[in-house]
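Trainee: Sequence:
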Amino acid sequence: MNSDAQMNYIVYAIPVFFGLIFIELLAGWWRGRDYYRVNDGINSLSAGMLSITTGVLSKAATLGIYVFAYEQWRLSSLGSDQLWVWALAFILYDLCYYWAHRLGHEINILWAAHLVHHQSEEYNLTTALRQTSTGFIFGWIFYLPLALAGFPPLVFATVAAINLLYQFWVHTRHIPKLGPLEWIFVTPSNHRVHHAQNPRYLDHNYGGVFILWDRLLGTFAEEREEETIIYGVRKPLASWNPLWANLQHYAQMLEDARHASRWQDRMGIWFRRTGWRPADVAERYPLTRTDLDHFTPFDIKIPAALKAYVLFQFALMIGFTTWIMAISHLHPLWFTALLTLLQGYSLFSIGYMLEGKTGFVPHEKWRMALSAATALLLVALEQIQLTTSGWMGLLGYFVFSSFWLTRLEQGLAIRSTPPPQALDSVSTK
Numbered sequence: 021m022n023s024d025a026q027m028n029y030i031v032y033a034i035p036v037f038f039g040l041i042f043i044e045l046l047a048g049w050w051r052g053r054d055y056y057r058v059n060d061g062i063n064s065l066s067a068g069m070l071s072i073t074t075g076v077l078s079k080a081a082t083l084g085i086y087v088f089a090y091e092q093w094r095l096s097s098l099g100s101d102q103l104w105v106w107a108l109a110f111i112l113y114d115l116c117y118y119w120a121h122r123l124g125h126e127i128n129i130l131w132a133a134h135l136v137h138h139q140s141e142e143y144n145l146t147t148a149l150r151q152t153s154t155g156f157i158f159g160w161i162f163y164l165p166l167a168l169a170g171f172p173p174l175v176f177a178t179v180a181a182i183n184l185l186y187q188f189w190v191h192t193r194h195i196p197k198l199g200p201l202e203w204i205f206v207t208p209s210n211h212r213v214h215h216a217q218n219p220r221y222l223d224h225n226y227g228g229v230f231i232l233w234d235r236l237l238g239t240f241a242e243e244r245e246e247e248t249i250i251y252g253v254r255k256p257l258a259s260w261n262p263l264w265a266n267l268q269h270y271a272q273m274l275e276d277a278r279h280a281s282r283w284q285d286r287m288g289i290w291f292r293r294t295g296w297r298p299a300d301v302a303e304r305y306p307l308t309r310t311d312l313d314h315f316t317p318f319d320i321k322i323p324a325a326l327k328a329y330v331l332f333q334f335a336l337m338i339g340f341t342t343w344i345m346a347i348s349h350l351h352p353l354w355f356t357a358l359l360t361l362l363q364g365y366s367l368f369s370i371g372y373m374l375e376g377k378t379g380f381v382p383h384e385k386w387r388m389a390l391s392a393a394t395a396l397l398l399v400a401l402e403q404i405q406l407t408t409s410g411w412m413g414l415l416g417y418f419v420f421s422s423f424w425l426t427r428l429e430q431g432l433a434i435r436s437t438p439p440p441q442a443l444d445s446v447s448t449k
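The sequence shown begins at 21 in our numbering and counts up one residue at a time.
These are calculated hints, taken from the structure and not from any lab test. Worth double-checking, as some hints may not be accurate.
Unchecked claim - Label pairs and their calculated CB-CB ranges:
#1 H279 to A107: 47 to 53 Å
#2 P35 to Y305: 44 to 50 Å
#3 W264 to R427: 26 to 32 Å
#4 A393 to W49: 38 to 44 Å
#5 I347 to A392: 16 to 22 Å
#6 F205 to P35: 22 to 28 Å
By construction, the Cβ of each residue, glycine as well, lies at the ideal position given by its N, Cα and C atoms.
Working from the sequences, and respecting the hints, build out all of it.
Mentor: Now the structure itself:
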């Protein structure tokens, strides 16, 4: 089973996603309800961009496991030419997703991966694209029952893509409750509940397409008009760094394991319930939680000139990521891995600037130097070809960016005003 088709679904969906984000922005402007912040939106999209490129690298392994289980251990052979097979696969995939999602909230090591999707303190369509880069480590386990039941890899990959695409539209505050549909399907209303950190709403509504699983298994909660939803996690990310977003809970568990006095706790912390910490560690190294009665979203104000530079560079990164996705299947995995490393460092640098840190200039210089070196290496290894206009375009980009960066370095005094909670860099649920 080749993963190219599933990757192409994502490539084709990218302009649709951004078109819908633009429509949501217009709707917010028209209704006087702006649910976007530039820094939060860029951070969510950065996590999503990193997720889809690392997904190219991990997809071969996860689909390979599914194919192996299907070929070696399937209990039946279901035909992909029968409609009922596709319909049943779609329903059962969502049930598997429910359990993967639910346990992703209930077990520490699984929450460390899934946490990324919940870190945004806003709720809009960019939140839907905010995905983990480490979920592949354990995520494949939950779908093995489909392979054992005999659903062909093509059917599995297709219904997985449809399930993922469906979940995009429910990440909005502009759509109210949808009447009888609320009883059967995941809707914006009941998924808003899922992203809340209010005690009433915490850890509910896990379905991907069908909310029926939550209603049947006791994990459903209804959105209530009298209680305003506070989005995010109880221990905020407090950073615009997409690399740290993926690593923060792993780092917290490593620290707790290092400080624990009992070996049982050092081993068990990874598989205990989310938020569990050894008693001695919790006493010596307490973690503060968000005060929901005085909640202030993490925010850092940066000068308009720097914001314009960030937006320019980030727009180019969107194009760069789309290009990687479009051509990755034509190249060896090391090609995608190399470009993903460059992408990751670039997104880190963008997050660094959004945090208003004065040391952003060296990172940007290194980023441009590495970009030039990568282009020369790939041309030398005959992985890409550049025409004269291509070389001129790259040269123009480096000259223009360097000139702009020099002006910023000379003319800007970076102001950083994070709220007190932003000084905490570790996270629990």
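Trainee: Taking the hints in turn, state whether each one holds.
Mentor: Now for the hints, and whether the structure bears them out:
Between H279 and A107 the C-beta distance comes to about 51 Å, which sits within the given range of 47 to 53 Å. Checked against the hint of 44 to 50 Å, the pair P35 and Y305 passes, with Cβ atoms roughly 46 Å apart. Checked against the hint of 26 to 32 Å, the C-beta distance between W264 and R427 comes to roughly 29 Å, which is consistent with it. For the hinted restraint 38 to 44 Å between A393 and W49, the CB-CB distance of approximately 42 Å keeps it satisfied.
Look at I347 against A392: about 19 Å separates their beta carbons, and that is inside 16 to 22 Å. Under the hint 22 to 28 Å, the C-beta atoms of F205 and P35, about 25 Å apart, fit the expected range.
Against the hints set out earlier in the document, no violation occurs for any number.
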